[in-house]
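K.L.:
What follows is the residue order along each chain.
2 protein chains.
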Amino acid sequence: MSDAQDAQNGYHGVSLATLRRFGVDVWSDVEIETSRGAFRGIILPRSEFDDSTHLVLKLKTGYNIGIEIRTITAIVELGKTEAHYKIPEKDFPVSPEKPSVTLLGTGGTIASRLDYRTGAVIPAFSPGELYGAVPELADICNLTTEKLFAVFSENMGPQEYITLAKAVGAEIEAGVDGIVIGHGTDTMHHTASALAFMVQTPPVPVVMVGSQRSSDRPSSDAALNLIYAMTTAATSDIAEVMVCMFGSTSDEYGLLHRGTRVRKMHSSYRSTFRTIGDIPLAAVTRAGVRPFRSDYNRRRDDREVGIHPFFEERISLLYYYPNMHPDIIDSLVDNGYKGIVIAGTGLGHVNKSIYPAIERAVSAGVAIYMTVQTLWGYVHMFVYDTGRDLMAKGVIPTENMLPEVAYIKLGWALGQTDDLDRVQEIMLTAICSEITEREPHDGYLVFQGGMPEIEEFLKKVNR
Amino acid sequence: MSDAQDAQNGYHGVSLATLRRFGVDVWSDVEIETSRGAFRGIILPRSEFDDSTHLVLKLKTGYNIGIEIRTITAIVELGKTEAHYKIPEKDFPVSPEKPSVTLLGTGGTIASRLDYRTGAVIPAFSPGELYGAVPELADICNLTTEKLFAVFSENMGPQEYITLAKAVGAEIEAGVDGIVIGHGTDTMHHTASALAFMVQTPPVPVVMVGSQRSSDRPSSDAALNLIYAMTTAATSDIAEVMVCMFGSTSDEYGLLHRGTRVRKMHSSYRSTFRTIGDIPLAAVTRAGVRPFRSDYNRRRDDREVGIHPFFEERISLLYYYPNMHPDIIDSLVDNGYKGIVIAGTGLGHVNKSIYPAIERAVSAGVAIYMTVQTLWGYVHMFVYDTGRDLMAKGVIPTENMLPEVAYIKLGWALGQTDDLDRVQEIMLTAICSEITEREPHDGYLVFQGGMPEIEEFLKKVNR
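Just so you know, the protein sequences line up as chains D and Y, in that order.
Residue numbers for the first sequence follow this note's numbering, so the first one is 1240 and each next one is one higher.
Residue numbers for the second sequence follow this note's numbering, so the first one is 1240 and each next one is one higher.
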């Protein structure tokens, strides 16, 4: 193996030397002895930017671990497994009566040929590769794919939101029947809300999808999530920006969440995405989409869509904590920030000691908006003195907008105008349910698979 | 009415002049005409620190609103209601066979004679006043009360935590059978975790309680929460720092939450406190406490307790958001912060662009700990490159410690020592379930009143 190939597999310096010393390579099935115990697994490739002090091993459990090179005392090769990582590629069957769907790739777990983050045999990305891995897709739509970029979702930001919004606009103009966006799950809800503001009243579904467990694990949600997302994009009457992910602990259905009312609520569960302060838009199974409500933007035949790709990057989101010092806000003002979203305690409160910093920020023309860190419920700043004090100082309550959504919306609003009255008008006018008139009782922590409506739906679908 | 009395009722300047102009006063039942519509309610007193540009009206619904003085065109007095706000005070019946409980007041909604925040006729604070308002208390315990301070909970901080911890220690030494702490709900969970670290293995229950709705509203949880908290303090075998609050949408029981695993999750619901990533410790009804588990610190007859009242105030908690800029962390370092807790995305991630700032912070001796902003689930930084990169830079994962709890624990750890190895040892050693070995499936968003165990318990109690 040449140095160039090694570099491509991500090992260099000390780690490369260690692989060579023990005569093993990427994809070797090995037993590694270390000063912290023995490990059995497959040596995975790494990305070219990785450090050289670790070796990454895929364990039988499907989990990866990083092993510090300096702790390694021996490596024994038991076999090679590269063959398992080949993707069967077939021609994606196209027929004129099927709807057309475009999959836009951003670099999330689904949209990679070989995911360097997990070492997983991901169902890949080209239509042929996807068909080879998930043949059901051919029954749903005619598929086109386009890779926009390849970043981990924690590195997604305003520039990617703008590129994505424009790409969605171009696809709509080109006549597609639905759009699926493959995205890492970490910040999928941030991107979803950015797209909800940047892509207004689209004529077709715009469906974000990812997976919590890579497709080489028995419990993977990758294929099903993709099937549900494609089904939604191809057939659903709901023409909004949505997140389509695993519904509950059962894999009998997926849920469609509004892009502005969804948040990742578990670091590892597949049922991590939850509609907050409302019920989800719909359930989706292989049989189709079943809305839970009727107040949504409907699919249309026209190609009209408002693409508003703006973002002011000097904004911040502060979750208040007890004893927060004024320097936290002073520094933001000194560093030229134009907007701050605070996630206050209770109904929208912070401590008295940062009042002066808030006054200074407002005087300096910084837009300050209040949300609640309880996540569920509304800001109500008229109830207590603290809230009234803060409003008197110019802090603006944002009803029941989620903190993360308010952050995205403030960047989007300030990206359009410097006029703070206009910004306030944009912030407080609901565009796509980021503010709702009421939160139903079953929108609080209780939306479970056991919900009667879903149960009924499943009975019908499964019979 | 004299100026001095007016000042005491909080009206001054323009607002006082307006009350006089229309011949009305605090406690007047009025109809107010404004440029934004008419309002009917009772004029409430305000605190002496309030602005003079608003008048506060208690509506029939129990909600208060602030009315801008400049919008008022007329005020008509319909009656006076001060009489309703008198608290019937009686001698609290004491008998030697009842357990002794001390109520420590911090200024929350329960522990005020007249709550200026809500204008509510709060069941007051002295044992006699409390007995007059909630006669059931006399069946539970012999009550002593002590007012430590009177601050809104959003203004609670390290100094109050320390005072409170010492007061708890003194009460235990004095021989009390249980302690109840009245506290505003905004930051009750922060204070609970501070006390859990500062008051270790107490021999008696230490129960924090508050109310989400003031006691003059039909739906108030104030009296029941107090009864449940007193019952717990007087009789429970669970000798830990707990939060006792409304259990579900039914008021048939309260729940006891561990101080380190509880978070306020709704800005206005009574069922706002939720055990995160675990099931609660117990349910409590008028009939007594029913533990859901057996792994708790038990009540003892000795008076031994570890009081560890330390706190380093230069710490911060950052909830990561997409496109976070390095200046956020640079400013903390420049301003002398000694510790930062990050609530990362997914399994504990941030974007690459703040890596250099993290490196600088670690080099400067700042302790950086990672939690997850999903709230549920564990940090797992070995799974992806981002996590491994961050660990290589010195960021330390904290398992499933809640972000707010990690913030409090880091302040407490750094308050004891500057030795960062020792701090790490403290941070990663579970003291009172702030880190647990696993999160049960029914600890994820699903703990409802419908849980079979509770249902069964209620059937038994109610028959």
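Hints are computed from structural coordinates only; laboratory data are not their basis.
Since the model is a prediction, treat every value here as computed from it, not as a measurement.
Some clues are possibly wrong.
Which copy is meant is left open, because identical chains are indistinguishable; a pair holds if it fits in one copy or across any two.
Claimed, not checked - Straight-line C-alpha distance at most 30 Å; calculated DSSO-like pairs for lysine-lysine:
#: 1; residue 1: Lys1405; residue 2: Lys1632
#: 2; residue 1: Lys1591; residue 2: Lys1386
#: 3; residue 1: Lys1632; residue 2: Lys1299
#: 4; residue 1: Lys1405; residue 2: Lys1591
K.L.:
Now tell me if each hint is right for this structure.
P.N.:
Verification of the supplied hints:
1. In this assembly of identical chains, lysine 1405 and lysine 1632 lie within 30 Å of each other by CA distance neither inside one copy nor across copies; the values are 38 Å within and 36 Å between.
2. Proximity of lysine 1591 to lysine 1386 under the C-alpha cut-off of 30 Å is restricted to the inter-copy arrangement: shortest distance 21 Å between copies versus 49 Å within a copy.
3. Taking the shortest alpha-carbon separations for lysine 1632 and lysine 1299, only the inter-copy value of 28 Å comes in at or below 30 Å, while the best intra-copy value is 58 Å.
4. In the homo-oligomer, the alpha carbons of lysine 1405 and lysine 1591 lie at most 30 Å apart only across protomers (25 Å), although the nearest pairing inside one protomer, at 44 Å, exceeds that limit.
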